Amino acid sequence: MGAERVIVVGASSGIGAAIAQQLLGEGAKVALLGRRESLLQEVANGAPSGADSAIIRAHDVTDFDSVSPLFDELVGLLGGLDKLIYVSGSMPTIEEHEYSPEKDRQMMEVNVLGAMAWMNPAAAHMEAARAGTIIGVSSIAGERGRRGNPAYCTSKAAMTTYLESLRNRLHRYGVRVVTAKPGFVRTAMTEGMGDLLWIIDAKEAARQILKLGASGRSISRFVPGRWWMVALVIRSIPSWIFRKLNL
Amino acid sequence: MTAMTIQRGTRRVVGGFGRAVASAARFAAPANEEELLSLLGQARAEGLPVALRGAGRSYGDAAMNAAGLILDLSAMNAVLDWNPETGVMVLEGAATIESIWRRALPDGWWPTVVPGTMFPTVAGCVAMNVHGKNHYRVGAFGDQVLELDLLTVEGEKITCGPEVNADVFEAVIGGLGVLGVVTRVTLQLKHVGSGDLEVEALSVPDLDALFNEYERRREEADYLVGWIDCFARGANLGRGVIHRANYVPLERHPAGADSLDPSHQTLPDRFFGVIPRGLMWRLLKPWVNDLGMRLVNASKYWASRLFDRAGTTFKQSHVGFAFLLDYVPRWRDTYGLGGFIQVQPFIPAQTARVAFRELIETCHEHGVIPYLGVFKRHRPDQFVLSHAIDGYSLALDIRVPADGRERVWKLGEALGDVVVRHGGRIYFAKDALANAGQIEACYGPDRIERFLAMKERLDPNGLLSSELSRRVLPQLPVVGTSTP
Numbered sequence: 688m689g690a691e692r693v694i695v696v697g698a699s700s701g702i703g704a705a706i707a708q709q710l711l712g713e714g715a716k717v718a719l720l721g722r723r724e725s726l727l728q729e730v731a732n733g734a735p736s737g738a739d740s741a742i743i744r745a746h747d748v749t750d751f752d753s754v755s756p757l758f759d760e761l762v763g764l765l766g767g768l769d770k771l772i773y774v775s776g777s778m779p780t781i782e783e784h785e786y787s788p789e790k791d792r793q794m795m796e797v798n799v800l801g802a803m804a805w806m807n808p809a810a811a812h813m814e815a816a817r818a819g820t821i822i823g824v825s826s827i828a829g830e831r832g833r834r835g836n837p838a839y840c841t842s843k844a845a846m847t848t849y850l851e852s853l854r855n856r857l858h859r860y861g862v863r864v865v866t867a868k869p870g871f872v873r874t875a876m877t878e879g880m881g882d883l884l885w886i887i888d889a890k891e892a893a894r895q896i897l898k899l900g901a902s903g904r905s906i907s908r909f910v911p912g913r914w915w916m917v918a919l920v921i922r923s924i925p926s927w928i929f930r931k932l933n934l
Numbered sequence: 026m027t028a029m030t031i032q033r034g035t036r037r038v039v040g041g042f043g044r045a046v047a048s049a050a051r052f053a054a055p056a057n058e059e060e061l062l063s064l065l066g067q068a069r070a071e072g073l074p075v076a077l078r079g080a081g082r083s084y085g086d087a088a089m090n091a092a093g094l095i096l097d098l099s100a101m102n103a104v105l106d107w108n109p110e111t112g113v114m115v116l117e118g119a120a121t122i123e124s125i126w127r128r129a130l131p132d133g134w135w136p137t138v139v140p141g142t143m144f145p146t147v148a149g150c151v152a153m154n155v156h157g158k159n160h161y162r163v164g165a166f167g168d169q170v171l172e173l174d175l176l177t178v179e180g181e182k183i184t185c186g187p188e189v190n191a192d193v194f195e196a197v198i199g200g201l202g203v204l205g206v207v208t209r210v211t212l213q214l215k216h217v218g219s220g221d222l223e224v225e226a227l228s229v230p231d232l233d234a235l236f237n238e239y240e241r242r243r244e245e246a247d248y249l250v251g252w253i254d255c256f257a258r259g260a261n262l263g264r265g266v267i268h269r270a271n272y273v274p275l276e277r278h279p280a281g282a283d284s285l286d287p288s289h290q291t292l293p294d295r296f297f298g299v300i301p302r303g304l305m306w307r308l309l310k311p312w313v314n315d316l317g318m319r320l321v322n323a324s325k326y327w328a329s330r331l332f333d334r335a336g337t338t339f340k341q342s343h344v345g346f347a348f349l350l351d352y353v354p355r356w357r358d359t360y361g362l363g364g365f366i367q368v369q370p371f372i373p374a375q376t377a378r379v380a381f382r383e384l385i386e387t388c389h390e391h392g393v394i395p396y397l398g399v400f401k402r403h404r405p406d407q408f409v410l411s412h413a414i415d416g417y418s419l420a421l422d423i424r425v426p427a428d429g430r431e432r433v434w435k436l437g438e439a440l441g442d443v444v445v446r447h448g449g450r451i452y453f454a455k456d457a458l459a460n461a462g463q464i465e466a467c468y469g470p471d472r473i474e475r476f477l478a479m480k481e482r483l484d485p486n487g488l489l490s491s492e493l494s495r496r497v498l499p500q501l502p503v504v505g506t507s508t509p
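Residue numbers (our numbering), protein chains in the order written: chain A, 688 to 934; chain B, 26 to 509.
Quick caveat, the hints were computed from the structure, so don't treat them as lab data. Honestly, I wouldn't trust all of these hints.
Only some residues are given here: those of chain B computed to face chain A with a beta carbon under 10 angstroms [stated by the list, open to error]:
1. V39
2. A47
3. S48
4. A49
5. K215
6. G364
7. A427
One side only, chain B facing chain A, incomplete, derived with CB under 10 angstroms [stated by the list, open to error]:
8. R33
9. T35
10. L362
Bear in mind the structure is a predicted one, so any value in this text is a computation, not a measurement. In this text, a Cβ means the ideal position worked out from N, Cα and C, and glycines have one as well.
Build the full structure now, drawing on both the sequences and the hints.
Listed below in structure tokens is the structure:
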């Protein structure tokens, strides 16, 4: 079998960058997408090897109309597609007393609609090929509606549910869909949040997410796995108590 | 009414009937000619290749179009006119074979040529020039077409037939659906008397016996088809069962005109009176593997060997005899995720005995045994890309295991080489694997030149194409790409 062919959407920083670098190092043919081309090039150059074979494309996931032709172009350049990994995410800070439809909309567009724009053509391609893996990076934040950032929690709950539907839709065609739900990861998103529970760095998150993707199973898992205990507790807290907490 | 537009992002996974090949394409389903022309115009403006799709009953990639646009024409399916005096029917392109017999049989008429299923559209049958179990006697589908309308991509309508615009007619029949849209077809049907056929079944112990017994019955038979157990080798190679069928005149049928009623024709809802038809595929599925099918094929042969006697006949309805494939809804799903391919080599009469032995042996050498083999006799016709030759064909159903695709593809190539070596033809409706070199060798440069010239005349920019046409005739122009 030839080199694995992968598209990583949101590869310019954080978990996405680490995923792209690991894949390049493993000899995969990778298309890196992100808004800033220079950053993508830096990411590719930072890979242990394989930078030369990287395909770099500046792309804004909220430019939905551009996805379909770009997808076809990349599949053509890669010579097929084995994995689509969607990592793009946006989490602007929402202050206490702040109510911002603009920020909410941005999160839904980047975290949900962008994922849908990319996963639809990938799902069609993979159903036809009777093979392939779609990996979506969601979040433990989607487990419950917390008071801190309503739209972020909503967007991740939407992504988790969307991926579950896609998993059920594609299972019979031999296509795997993996939902990775990280807890705290040391990236720009968590900067300045102080000491966080069980925090891991982006490289470790990438390693665990790619391991899930390579498991050959169609699954939904927390990253690291032990977050399931926290999720269980959080999901079990009755609403009338949950609203009094600062979670 | 808002004009129909081609959606930019929406894709649909569309496969061949055998489910072994599929691809994602953009998709639109015009309701009428006006919408059809508007969509063709938009596709042209975008430089998007367009493939036409009717019922999707071609086994391979004939109605597939990766990254292009598929126009599903199945809504344009009316029966426009029926004359029970002359047996002439006028239909829109996407009318199905089923709609023909349902309308005509109560008046004592039946489509002269039908394939093994009643669900294809007449335009699809035109594009592939399909044949039936009476090919050697009445010709292929194109031979019963009195006239047809071809809508070109420019919006011009060309009426053609054996006498009018015959050059267009001869290219459009068997023309893979890439010369224009067949919007109207006029067919000559056949007067059949009663609604039943008299069928004789006869087992044959080997390939020679199959050829001999088949030829012995050919003159007197209205329909004649052989089934081969492809698992049998050596002295038993080619063993199988021949089915001969003849029309039963109305006056000789005990039920008389009642036999023509569609309710007499339709297939039973339950098998053995118990198992609903819709569930049958699930019960069959565990048998669709090498061991199971070896048993099924052997049982079928031995049952016939023990119980069928030459000269003994039974009555079967036209639908029951002609549309065997339709007995089990979703039968193709028994093949599982990998699907199956069908291959149907046509071999000239002189070398068919040798070639068929070679074809079956080649399958065994590749470790891929066809689960079904069907044997028929054919006759040539005047159509440019027609598969019809003076010879025999052997249709093979080959399962594609999810992990054995490469092996099957290799076998497909090898079978194609056998066909080429014997001067035969590869049949496009069944094909998913042939390469351009094999097709050129089968059809010859003259026919291909004639077809290219007609394409140049009717669709010079190559707006219409399909995965099939691009694979087997890469010389054809394709919109959005530089001319080859």
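Hint check results:
1. V39: Holds, because the Cβ-Cβ distance from B/V39 to chain A comes to roughly 8 angstroms (cut-off 10 angstroms).
2. A47: The hint holds - B/A47 has a Cβ within 10 angstroms of chain A, the shortest such distance being about 4 angstroms.
3. S48: 5 angstroms, holds
4. A49: 4 angstroms, holds
5. K215: With Cβ-Cβ at 40 angstroms, over 10 angstroms, it is violated.
6. G364: 9 angstroms, holds
7. A427: 7 angstroms, holds
8. R33: 6 angstroms, holds
9. T35: The hint holds - B/T35 has a Cβ within 10 angstroms of chain A, the shortest such distance being about 8 angstroms.
10. L362: This hint holds: B/L362 lies near chain A, its Cβ roughly 6 angstroms from the closest one there, short of 10 angstroms.
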